[in-house]
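First to last, the protein sequences are chains A, B, C and D. Read left to right, the first sequence gives residues 1 to 328 (my numbering). Read left to right, the second sequence gives residues 1001 to 1358 (my numbering). Read left to right, the third sequence gives residues 2001 to 2428 (my numbering). Read left to right, the fourth sequence gives residues 3001 to 3272 (my numbering).
Certain hints may be false.
With a straight-line cut-off of 25 angstroms between C-alpha atoms, the simulated BS3-like cross-links for lysine-lysine are [what the hints assert, rightly or not]:
| hint | chain 1 | residue 1 | chain 2 | residue 2 |
| --- | --- | --- | --- | --- |
| 1 | B | K1150 | C | K2166 |
| 2 | D | K3148 | B | K1010 |
| 3 | D | K3163 | B | K1348 |
| 4 | D | K3163 | B | K1010 |
| 5 | D | K3137 | B | K1231 |
| 6 | B | K1023 | D | K3091 |
| 7 | B | K1231 | D | K3125 |
| 8 | D | K3082 | B | K1129 |
| 9 | D | K3163 | B | K1350 |
| 10 | C | K2419 | B | K1093 |
| 11 | D | K3188 | D | K3082 |
| 12 | B | K1231 | D | K3091 |
| 13 | B | K1010 | D | K3137 |
| 14 | C | K2343 | C | K2088 |
| 15 | B | K1129 | A | K34 |
Calculated from the model, a selection of chain B residues having no Cβ within reach of chain C, i.e. all distances over 12 angstroms [stated by the list, open to error]:
| hint | residue |
| --- | --- |
| 16 | I1027 |
| 17 | L1033 |
| 18 | W1048 |
| 19 | A1049 |
| 20 | F1171 |
| 21 | N1202 |
| 22 | N1228 |
| 23 | K1303 |
A few chain B residues facing chain C, derived, Cβ under 7 angstroms [as the list claims (entries may be wrong)]:
| hint | residue |
| --- | --- |
| 24 | Y1047 |
| 25 | S1097 |
| 26 | E1100 |
| 27 | E1260 |
| 28 | T1314 |
| 29 | D1315 |
Simulated from the structure, these hints should not be mistaken for lab results. All values derive from a computational prediction rather than experimental measurement. Idealized CB from N, CA, C, for every residue including glycine.
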Amino acid sequence: MPEQLLWAAEAMMNGLMAGVLYALVALGFVLIFKASGVFNYAQGVMALFAALTLVGIMDGQVPFAHLINAVFGTEIHHFGWHVPAILAIFLTGVVMVGLAIFIERFVLRHLVNQPDIILFMATIGLAYFMEGVGDLMWGSEIKTLDVGLPQGISETIDEATYNWFGYGFFIDRLDIVATIIAALLVASLTIFSQYSKQGRALRAVADDHQAALSVGISLRFIWVLVWSIAGFVALVAGMMWGAKSGVQFSLSLIALKALPVLMLGGFTSIPGAIVGGLIIGVGEKLFEFSIGPLVGGATENWFAYVLALVFLVFRPQGLFGEKIIERV
Amino acid sequence: MLYREAGDFKTTYVEDGQTFPIKFDRIAYYILLAVAFGVVPFIINDYWANAVLVPFLIYAVAAIGLNILVGYAGQVSLGTGGFMAVGAYACYKLMTSFPEVSILIHVVLAGVITAAVGVLFGLPSLRIKGFYLAVATLAAQFFLVWLFNKVPWFYNYSASGQISAPERTVFGIEVTGANTDAWAKYLVCLIFVTACAWLARNLTRGTTGRTWMAIRDMDIAAEIIGVNPLKAKLTAFAVSSFFVGIAGALFFAVYLGSVEVGEVFGINKSFLVLFMIIIGGLGSIFGSFAGAAFMVLMPVLLKNILVGGLGWPTDIAAHFELVIVGGLIVVFLILEPHGLAQLWRVAKEKLRLWPFPH
Amino acid sequence: MKLKFTALAAAAVVSAAAPAMADLVFPSLSYRTGPYAAGGIPFADGYADYFTLLNERDGGIGGEMAKVIECETGYNTEKGVECYESTKGEGSLIYQPLSTGITYQLIPKVTADGIALHTMGYGRTSAKNGKVFSNVFNYPANYWDGASVAINHLLDLNDGDINGKKVALVYHNSAYGKEPIRTLEELSAKHGFELTTLAVDHPGQEQKSQWLQIRREKPDYVLMWGWGVMNQVAIQEAANIRFPMENFIGVWWSGGEHDVIPAGDGANGYKAVTFHNVGSDFPVFDDVQKYVVDAGKAAGNGDQIGTAVYNRGFYAAMLAAEAARNAQEIAGKSDITAADMLKGMESLEITEERMAELGMPNFGPSFTVTCENHGGPGLGAIQQWDAAAQEWSLISDFAPSDTEIIDALVMEDSMAFAKENNIEERCN
Amino acid sequence: MSAQAEEYVTEDGRKIGGVMMEMKNITLRFGGVVAIKDISFDIREGEIRAIIGPNGAGKSSMLNVISGFYNPQEGDVIFRGKKRPQMRPYKVAQQGIARTFQNIALFEGMSVLDNVMTGRLTHMKTGMFGQAMWWGKAQDEEVYNREKVEEIIDFLEIQAIRKTPVGRLPYGLKKRVELARALAAEPKLLLLDEPMAGMNVEEKEDMSRFILDVNDEFGTTIALIEHDMGVVMDLSDRVVVMDYGKKIGDGTPDEVRSNQEVIDAYLGVAHD
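Sequences are here, hints too, so could you generate the full structure?
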C-alpha cells in the first residue's frame, strides 16, 4: 500500500529529525567521556540548568529571589529588564564555562585516578546538586523560552510532498532549525578538534592521559574545556527541547534519550553518536508506527534501549568499534 | 584497648573463617540483634516504622541484592527498579491467586520469580560489559515498567491499574493491609533482612563469592582458571534479583500496601539503590546496610531539621535537601571512594591501636 | 560526629512528634519541587491562602484557628507516607494528598486511623461509593465524570448526535491516564462514536509519533489525560499539526495556565474540563488581596490568584472549611476531632447561596454529600483558553455527567475492592 | 622429532612418561595476521617442556591455544590420546590444565588466601543452595580445601601474607601467588608464561627451585615460556623454538643449542 509507505517515510523523516537531537545530547556525553573518562550523568541536568539560566537572564530574573525573599522578607523578583536572546545566550555560555571551572575545581580534581563507577556516581551527585541549585536560583515553575525559533508545520514541505505524492509530510520547522544547528555544531566541533591547537591537545588526552601529560598538556585545562563545550552543547539541546515544552524539570530527563545512542555508537565515538542518534530516532519512530498500535503504544522509551541491546549482543564492539581481540 | 584482637587466637580454620573474627564485634553484633528483635518491636510507633525503619530494612535487602551484582560480581545494573517491580507484581498475583498460602511463602516465591527474570536480562552480560551493560539493564527497567503498566492481567484488570495488597496474617497477626501494627511490619521486614543478610554472607564468603569476585576483578583470567563465566554471571544475576525481588515484594505488600509501577518502581529507584551501595561500600554486606540507612535517614533528618527545626518553607528546604544530598555524595566520594564500610574499617583499625597509636 | 548525628536525629524526631493540639489542623501535602512542581505550587498556595484568609478575617472557623501544616512530597509516594505519618498525630482533620499514588497509599491508612481523605478530581474514582469507602471522599467530580462531561460537551456541539465521529484519547501511560478509557468505551458504545487511544510514555517530552498518527487519522476530537511536561508538549504538537484547538479537550489536570502558555498563540481555543470556576473575578479575592497578600502573608507571590490550579486549591480549602463548619454544628463544639470531621463531610451541602455568602458565587457546582454517595453528582463544566487575554473562561454551566454509566462502573469497581478486602457495606 | 625413547628416567631420577598432549599442525590467525603457522609438537607426562623464541614469535599465543583461550583455525589439540574439541577455557581448566600469565592476572580486589582458594574452584562440588546454608557440607568443603591451600602456601613460603590484599604486594610475590593459585588446582599440566620475567637473580633462583620442586614432588607436567636462556636450558627436558610463528627447532637443550636455524634466529640473521 503506497499510503502506508508514505506514512512510514514520514515517520522516518521525523525520526531522523528527533535522532539529530538525540545525537546532540549524546555528543555532550561523548566529549566528556573521551577527554576525562567520565560517564557524565549530569548532562541532562546541565541542559536544564543552561535553559533555566538562559530564561532567567532573558527575563531579568533575580537569581535566588525566592531564597532571598524568604530570608530577608523582601519582595524582589525581577530586575525589570529584558536581555536580547543573542546576548543572553552568550551570557549563559559564560555561566556554563564558570560551571565547568567549578566542577573541575571542586569535583574532578579530587577524583583523579578513581574507578569509572566512582566518577559516574560523582556526576549523579553533581546532578542532584545542580538540580537543587537550579531550582533555588530560578524557581521550579515552568518557564516559557522564546529565543525566536520557528515552530509548527513547514508548509513548503507539506505542499511539495503533497504535489509529489498526494500526501503532505509533516515536518516541524523547529526540527529543521535544530537539525541545521546541530549539524553546524558537529561540524565546528570536528573542525575545532582537528585543526586547532586545543583540539589537538584534546585528542591527545583522549588517546592517552599519561602521554599527553608528559608532553606538557594541561589536563585541567582540557577538562575545563570539554566540560565547557559539553555545557554549551547542553545549552543548545536545552534550547531546542525547551522551546517546545517550556523550561522545566523534565528537560533533565532527555539524558535518558541519549543513553541508548551511546550504547549503539560507543562512548568514545563522535561519528558513532551521530549515526547512533539517527538509528535510534528512526528505529523508535518506525517501531511505534508499525508495531506500537498492536501492543498498545508508548513503546519508544524501552524500544530504543532494546534496539541498542540487541545490536550490542550481536556486535559488542558497537557501531564503529574495531573487533575486540581479547588478550591475557 | 577495649577493642582489640591481640590474644584472640584462632586455632581452627572454622574459627578463622567466621563473620566477625574479633570478639568485640561478635558481642556487639549479638547485642544489636537482641535489641532489634527484643526491644525495638515494643517501643516502635507508626512514624518510626513507616517513615524510617521499614523502608530502611527493605532498602537494605535491595541494596544487599544489588551489591552482590555490582559489588561482588562487578556487573553494573540500573534495572533494580524494574526487578523490584517484578517482585511486587509476582507477590500480588500470588497473594490474590492463592490466598490460603502464607504471605511469607509468597514473598520468597516472588523472589524466585524475580531471579528467573533477572537471569533472562542477565544474559546479555556475557557479551556486554561495563557501562554498556549498565545502560543495557535500563532496557529491563523501561520494558518491565511498561509491561506491568500495559498488560491488565498483572493488576487483575482493576480499573485504576494500581495493585493493592489484601490483608494477610502470619500466625493470626496481620502483616499486610491497613490494620497492620507497626511492630508487625517491622518484625516481618527484620526477619527477611536477617535471613537475607545471612544468606548473602554465606554465599559471598565461600566458593560462589570467590567466583563472583574473580569475574569482577579479571573475567578472562577467571575463565582460564576454571570459572564458568556464564554460570558465574547468571548466578550473580539470579541471587541479586532474588533479593531485589524480595525487597520489591516487601515494599509493595508490607511497606506501601499499594503501588503503581511507574511511580514507585521507576528509574529513580534504580539510581537510589545504586547510590546506597556506592555510598555504603561496594562488595560489603555491612556497606549495604550503612548505605541504605544513609539514604533513607538523610532526607528525613534534613527535612525535620530544616522544616521542623528551623521552620523553613518546605520548597526551599526540599531544594536544599537536593543540594545537600548531592554535595554530600560528591564529598563522600572524594573523601572515601570505598564508602562507609571502608570508613568503618579504617575507624576500627584506628580503634585497635587506640590509645597507643605507635 | 556519631554522637552529634544521633542527637540531631533524636531532636528532629521529637520535634516532629510533639503534638500541638487546639487548632484545627489541615495538613497540606504539597509538591513544590520535582517534575510536577508547576501544578503543585499554585494549588498549595491557594489551599494555604484560603485558611490564612479565614484566620485573618474571621478569626478562624467557628472561633478555632485553622493551622495548615505543609509537607513536601515531591509527588513521591514514600515521602507522602512520611508526611502522613509525621502529621497525623497533630490532630489532622483531613488529608488531600494531591497524588493518585499517595491516595492509594492513604486509603487503607486513613480508614484505620479514622481520618478523612478528600481526593478532589483525582485518586480512586470508585471511592464515590461511600458504602465501601467510609473515609474517602471525591466530590464534586472524578475522572469518569470528567470523561463523560467532555463527551457531553461534544454532544452539545453536535446537537446530540456524535454517531460515527472519531474521538482520540491521548493519555499519560500510567494508572491515572488509563482512568477514562473504560468510561469512554462504554460511552462510545452508547453514542456510537469511534474511540482510538494513544498512550504517551512518561515523561512525554517526545510525542511526534502520537501526533503524526492523529494527523494521519484525522479524528474529529482529541481528548487528553496528560500530566506534567506531557501537557505542554501535546498542546504544542497539536498546534504544530494545525489541529483545531477548539476540538481538543483536556482533563482538569491538563487545564492549567502553565500548560497552555508555553505554546503561545497556538494554544488559543484549547478546552479543558473543570469542576470549579476560573478567573479572579470573585468578591472573595478582594479579601484575599486585602487580608492575605497585602498583609504579606500570602503563601506565594500573590500573582497566581485566579489561575486555574490556584483556584482549585482555594476551592479545596473552601470545601474543607465548610465541612469543618458543618462538623462543628453537628458536634455542637468548635474543637472538632477527625471523627467529627468525617460526619461533617458526609452531610456536607454546598448551595449556591452559601457560595455567594462566601464571596464565591458559582465558584463550583452545588451538591450534597451523603453516606452512600461520597462523590456528589459529578458536575463539570468546560473552560476555554484565550491566548490573547491569557485567561481561561467557562463556556458552559456545571452540568451532570452520565451517571447511569458511571454509577454502574463505580459499583463494579468498589464491589471488587470490598470483596478483595472483606469490607462490609455500611450506610444500611 | 626428538629421538628419545617412549618412557625413560632422567639423570636426576624423574620419570618421563608417554605423550600427554600433542599439538598437530596448529595454525592461528588474527584477521590477516598469522600468529602461529602449522606447528606440531608434543608434551610428555612428567617432563618440563620449554617454548622459547624471540619477541613476537607466537609463544604466548601457543600457550593460549593450549589453555583454550584461542581456538586455532587449523590443526588439532590431542590431550591424553583424545582429540580435544573446541572448548571454552574453563572446560580446559577442568581437565586439569592450569596456568600463570605473562602480565600477572591476579584478582586484585581479593586477599592472597582468596586468590589461592579460587585455584581450587574446579574441586568445589557443593551446590549454591548448600553454600547459602553454609553449616554442614559447605563448611566442611571449605575447611578441607583450606587445608589443601595452606599446604601450597607453606610450600611456596607465603604464609605471612595470606590475608594481605593482593594489590599491595610487590611484583615478585605476586608472581609467586599466581603460581600458588595455579598449583592449588592440582593440575596435571601446568603452563607458565614467563614465570621469571622482571625478576632479579635471587628471585629467579627461588622461582626455578619452586618449578623444579613442583615437578619433582607433585609430578606435575610443566610447559613454560621463558626468555632467560640459561634458566631454560637448566630447567627443561625438551625445548621448542619458535620464530615468526614457525617452529624452527625441537629437542633437548643440547640439541637445540647446536641447531643452526636457532642460532641464526637468536643472533638476528636476516630472513630472506
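Please name the hints from earlier in the document that this structure breaks, with their numbers sorted from lowest to highest.
-> 6, 8, 18, 19, 23, 25 and 26
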